[in-house]
Amino acid sequence: MEKRTFTYIALGLLVWAISGTAVAGYYLAQYNTYQNEYENLASEMESILLVNILTSYDNGTKVWYNNTALPVGSTAFKAILAIADIKYTDYGEDLGILVTSINGVVSNSTHGWLYWGWDAENSKWELPEYSASKYILHRGDTIAFAYESYATWPPLPPT
Amino acid sequence: MRSLPTRQLVLLIVLSALCIGIQLTPRPPNVEFTSLVVFLVGAIFGISFGATLGILVMFINGFLSPWGFAGLMLPFQVTGMVIVGIGGGLYRRTRGGLYDTGSCIETAVLGAFLTLVYDIITNFGIAVSYMLLGIPILPAFISAIISGAIFSGIHVVSNAAVFGVAFFPLTNALQKLLGGEKTWKKEPLLT
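Residue numbers (our numbering), protein chains in the order written: chain A, 1 to 159; chain B, 1 to 191.
Think of the hints as simulated: they come from the structure by calculation, not from any bench.
Just so you know, these numbers come straight off a predicted model, no measurement behind them.
Hints may contain errors.
Restraint ranges, calculated between C-beta atoms of paired labels, are given here [said to hold, decoys possible]:
| hint | chain 1 | residue 1 | chain 2 | residue 2 | range |
| --- | --- | --- | --- | --- | --- |
| 1 | A | G104 | B | S147 | 49 to 57 Å |
| 2 | A | I83 | B | W67 | 31 to 39 Å |
| 3 | B | G21 | A | E46 | 23 to 31 Å |
| 4 | A | N103 | B | V31 | 55 to 63 Å |
| 5 | A | L13 | B | R93 | 17 to 25 Å |
| 6 | B | S147 | A | Y91 | 55 to 63 Å |
| 7 | B | G21 | A | A69 | 24 to 32 Å |
| 8 | A | K3 | B | G21 | 24 to 32 Å |
| 9 | B | L174 | A | W16 | 27 to 35 Å |
| 10 | B | T25 | A | T21 | 46 to 54 Å |
| 11 | A | N103 | B | P29 | 18 to 26 Å |
| 12 | B | F63 | A | N32 | 33 to 41 Å |
| 13 | B | P139 | A | E44 | 39 to 47 Å |
| 14 | B | L174 | A | A29 | 23 to 31 Å |
In this text, a Cβ means the ideal position worked out from N, Cα and C, and glycines have one as well.
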């Protein structure tokens, strides 16, 4: 091969090598950036749980808040606090918190706010016998806050 | 000291104005024709002419660029363009001032190479500005090279294409226009 041709081929390969290395470095840096972002997002996802929350009013209105993101360890009280404008009474460490109003609908002597947990295994609503502030939520849980009459006990579960 | 013939001086000024005009014209990022003109001038008139044009163009561009005053980058841009001009002059020596269609591939490779050298030098200028902020020079240089890799790639590929396609027709036209290389030697002009 003629020396001149060889020189130009070598020069071209040199340009290719340096440019290729720089572009590869650029994509490596991009890869690392997105990998870090993905890992940060994944670790954030590990520290949150998604739950479904139903609010059921006495006039028949039902509002679902599906896939509501909450921190791990959240309670049913934290869940309703996150999605609605509520009022509550705190009865201390042992008894916990009682929700007395959700979105302006206030408990009275005949009606009040009760919360239910969905038993996925048996496909039915269950009425916990303790405060919403003590009901620890798990990933994928479904809960309901229903405004119901005290006239019948146990009250009818939300439908 | 050898004085510059009037025609060469005028041509230098006109080409500088042309390069500045091209530099200031809206165009895709990192697609430019200044390198080609400087290389072309070096390839026709020699190293000193090409290098001088490189200095003039980048010096003026450093002040008039739409991106603003080049500042610290100015000496690096000037150095890079001087190397392009010198490259043109050296190419002239290897070809004896005669070019043909076969020189298209050679000039494409040279265009890519000189553009890459220019980009490395200007990236070094960016690294120096990082260094002034307290970053060690080697990581700053690598960071500048990597972050500018895509723009540099566009610059290299576009200049390879521009040099490969435009160099021969332009040298041919310019040499015809000027009446051949003899016109530019310090001899009386033919009348």
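Tested hints:
1. A/G104 <-> B/S147: 49 to 57 Å: Since A/G104 and B/S147 have Cβ atoms about 55 Å apart, the given range 49 to 57 Å holds.
2. A/I83 <-> B/W67: 31 to 39 Å: About 50 Å separates the Cβ atoms of A/I83 and B/W67, which means 31 to 39 Å is violated.
3. B/G21 <-> A/E46: 23 to 31 Å: Violated - the Cβ-Cβ distance for B/G21 and A/E46, about 59 Å, lies outside 23 to 31 Å.
4. A/N103 <-> B/V31: 55 to 63 Å: 60 Å Cβ-Cβ, so the 55 to 63 Å window holds.
5. A/L13 <-> B/R93: 17 to 25 Å: 23 Å, holds
6. B/S147 <-> A/Y91: 55 to 63 Å: Given a distance of about 60 Å, which is inside 55 to 63 Å, the answer is holds.
7. B/G21 <-> A/A69: 24 to 32 Å: Violated: the Cβ-Cβ distance is about 58 Å, outside 24 to 32 Å.
8. A/K3 <-> B/G21: 24 to 32 Å: 40 Å, violated
9. B/L174 <-> A/W16: 27 to 35 Å: 30 Å, holds
10. B/T25 <-> A/T21: 46 to 54 Å: 32 Å, violated
11. A/N103 <-> B/P29: 18 to 26 Å: Since A/N103 and B/P29 have Cβ atoms about 54 Å apart, the given range 18 to 26 Å is violated.
12. B/F63 <-> A/N32: 33 to 41 Å: 38 Å, holds
13. B/P139 <-> A/E44: 39 to 47 Å: The hint (39 to 47 Å, Cβ to Cβ) is violated, given that B/P139 and A/E44 are roughly 30 Å apart.
14. B/L174 <-> A/A29: 23 to 31 Å: 43 Å, violated
Checked against the numbered hints given earlier, the structure breaks hints 2, 3, 7, 8, 10, 11, 13, 14 and satisfies all the rest.
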